[in-house]
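Trainee: Quick note, the sequences are listed as chains C and D, same order. All letters in the first sequence, in the order written, are residues 1 to 288 by my numbering. All letters in the second sequence, in the order written, are residues 1 to 165 by my numbering.
Take these hints with a grain of salt, some might be off.
Among chain D residues calculated to face chain C with C-beta under 8 Å, some are [said to hold, decoys possible]:
#, residue
1, ARG6
2, PRO31
3, ASP34
4, GLY39
5, GLY44
6, ASP45
7, MET137
Each computed DSS-like pair below joins lysine-lysine, with the alpha-carbon atoms no more than 27 Å apart [stated by the list, open to error]:
#, chain 1, residue 1, chain 2, residue 2
8, D, LYS67, C, LYS61
9, C, LYS61, D, LYS145
10, D, LYS128, D, LYS67
Calculated directly from the structure, the hints in this document are not laboratory data. Where is the CB? At the ideal position from N, CA and C, for every residue including glycine.
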Amino acid sequence: MIDILIRVIIFLVAAPILGGLLDGLDRIISARMQGRIGPPLLQPFYDVSKLFQKQTIAVSKSQSLLIQMFFFTQIFTGCLFMAGFDIMLCFFILSTGATFLVFAGAVTHSPYSSMGASRELLQMLSYEPAILMTCLGFYLAAGTFKVEELVLSDYSLIVYLPGFFVAYVFSLTIKMRKSPFDLSTSHHPHQELVKGITTEIGSRNLAFYFITEWYENIFLLGVVALFIINKNPWSILAAVIVVLLICFLETLIDNTSARMKWDKMLTLTWIVTLVSAGTNLLVLMLIK
Amino acid sequence: MAKVKRSPWLLHYDGSSCNGCDIEVLACLTPVYDAERFGIQNTGDPMQADILLITGGINAQNQAVVKQLYDQMPRPKVVVAVGVCACTGGVFKDTYNILGGADTTVPVDIYVPGCAARPQAIIDGIVKAVELFQMHMDNHEEFLKNPDEYMRKNHPEVELKKGDE
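Just chain D, with the same shape it has in the complex (with noise of 0.2 Å):
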């Protein structure tokens, strides 16, 4: 299968994010860092995008968003949650409005932790979503046929090298 991990496009989403993270997403992308070496994309149409970025929690008004911004994505793709508010709703996490991380909406691969998340932390999650969407595409097939099983199967082996590294 072609390597397909050096044409990654994002999606950028600021659930409820203060902003604070959204700014390191684009400093990823400014002079100092140029994610573009690496084929990264800011792309902001959700048909042509490979990577979900989303930060901030997630409240009543943008699940619904969050949900179709996902199902618009063309498989194989990947969600990456940035920032401590968008992996488990961070210091709102008990407000009324707050229903918790992005994974309360959608599958989440990557979870990147920081308040607010470092470029160079974004940037190794972008790195480690990248593998992840190459390996989907190796196994698209199987995928296809079963993508809950395939998931139970494949999700836990990157859990694992991640706490390893």
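Pulled out of the complex, with its shape left as it was, chain C reads as follows (with noise of 0.2 Å):
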């Protein structure tokens, strides 16, 4: 009980931190390929402190306390998946929480949050396919949905699940909003969508959504640490260097290529899932 309390623990400090630097890096790494010198490492963590001073306007009142559920529930995902409980029960507050945040991108009624609030919503229904199947992949290979278990196997999971690794870190890119997917977004300014859904959210509450989405980063590449993670514990350090592997390939893919329409984001999404997931899973029922 107590170590399951001391892991939480960890998460919850350490989780902002890591994934604030994270982004730093990321946006360092954008700026070098495109021949830039870039923001200092500690730049995510300047904005969100200069958002906390400013002056809050929320355009509707129920946004904040939507921002602010968001915030809770993805941060509980983190939580349970940190104390090892079951990997679906993780994914499914995970997008309830995340509606939380179209709902917050839909209360202002500002035509640019609205259209981010409803390609959210396409995005939710392209990656999660992917992701029931991942939890699925897990159940076959481990036998268990539960975390604690999974981390403890004899071999590492990636081993007879490779095209589910493919399917997840394919939705990983527009589970983190990067280009190619970055549809309800858009992080770079001056584009149709203005902000997209973060249009309308300003000051403390859009501190509060950068805070989130670090946490949320930090539990999705856990779940990549989990396809690699055996009972051996070197294979922590090879997760880490395949999880570093994977951001830097999420900023190259964001890096060189442009925003798809959603209708092609949700066919791609889907096959790519279909067929690398699917195949997968058909050979894992075979040889098991």
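Join these two chains into a complex; the hints should help.
Mentor: So this is what it looks like as structure tokens:
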């Protein structure tokens, strides 16, 4: 019981720090790819601390509450994951939390954030099958949904689940809101969508949104690590390396591709999910 | 008070500019000048912006837009007029459709002259705006109590500083 508590507290403290540093690293690497020097590593923290100090303007009263619900559910997901609970449960709570963000966007009635909100729903529709398949793959490979038992398996689960890994990493680009799948937020300014779902979110609420994103990213990368980690302690090092490589890959994809239309995103994600995870599923059912 | 000046986010609005200044503003973000080194981000969203960058003069059609953009920005905020048209109206000053510089509609803090304003001058202006942004933040409480008096008290000082350098 005590070790679960310690793990959760470590997650609560370390996840935003790691998430912010990864974000800063992402911005520096992006800048270097574009031939620029880029901002300092701690820039995301400067941004968030500034946002907390600015005057709070909420277009709708319920907006702040919805953003905070989004904040707490995403953190709760990460806590459940670190405590070693059911991976399926984690993803269901993650998706429930994501709908709060959709509401926070839609409640303002601004055309940009309403459009961002409906696009966010489409994104959820795209990545949800891949994520559910991943949970299923974990169960078929290890015979359990529990994270604490999954990390103690004899071999790294990626040995059984390469196709599921591909599908999961593919949907990670959508989940992390990176180009070409940044349909709902458009993180590069001066586009047709302004800032998408976050257009009407400013100051303190935006700071909460950023911190939530850091927690969420760390949880999602934690699932990537779950593919690698086995009962050998050295596998943790391998997992860290794989996670960093995935982060670099996401930055590379982000900087080399333009935004897709939603119908293309939907078909592409579902095809990748069905082909790679589906084939893997069939093979796994035959050999297991 | 924490250093907010490390993270100034810009909102760039093109009034009735000929696009000369706009191109120079965007040039600030390119690899040659790389304004992101100072944490400067060009956001298209007034709700998230700290510094309003206006290029071009004000006319009857864009006056309401500029006013609304300014009102949507959360306090504290700084306005920078880039280019001679945004400063005074420039060569279009006496035209029937131009009301004048940006200060006819919103309180302008920093004037960056030039036609078109050079990227170096724009970055200089933004750096000054960032200092002012930090100062506003430091005195936020005082500012909230009586904005007019605060502006009267603090703005001449900034103008003086500008002349000294």
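Trainee: Each hint: holds or not?
Mentor: Each hint, compared with the structure:
no. : hint               : verdict
1   : ARG6               : holds (4 Å)
2   : PRO31              : holds (4 Å)
3   : ASP34              : holds (4 Å)
4   : GLY39              : holds (5 Å)
5   : GLY44              : holds (4 Å)
6   : ASP45              : holds (5 Å)
7   : MET137             : holds (6 Å)
8   : D:LYS67 - C:LYS61  : holds (24 Å)
9   : C:LYS61 - D:LYS145 : holds (24 Å)
10  : D:LYS128 - D:LYS67 : holds (22 Å)
Checked against the numbered hints given earlier, the structure satisfies every one of them.
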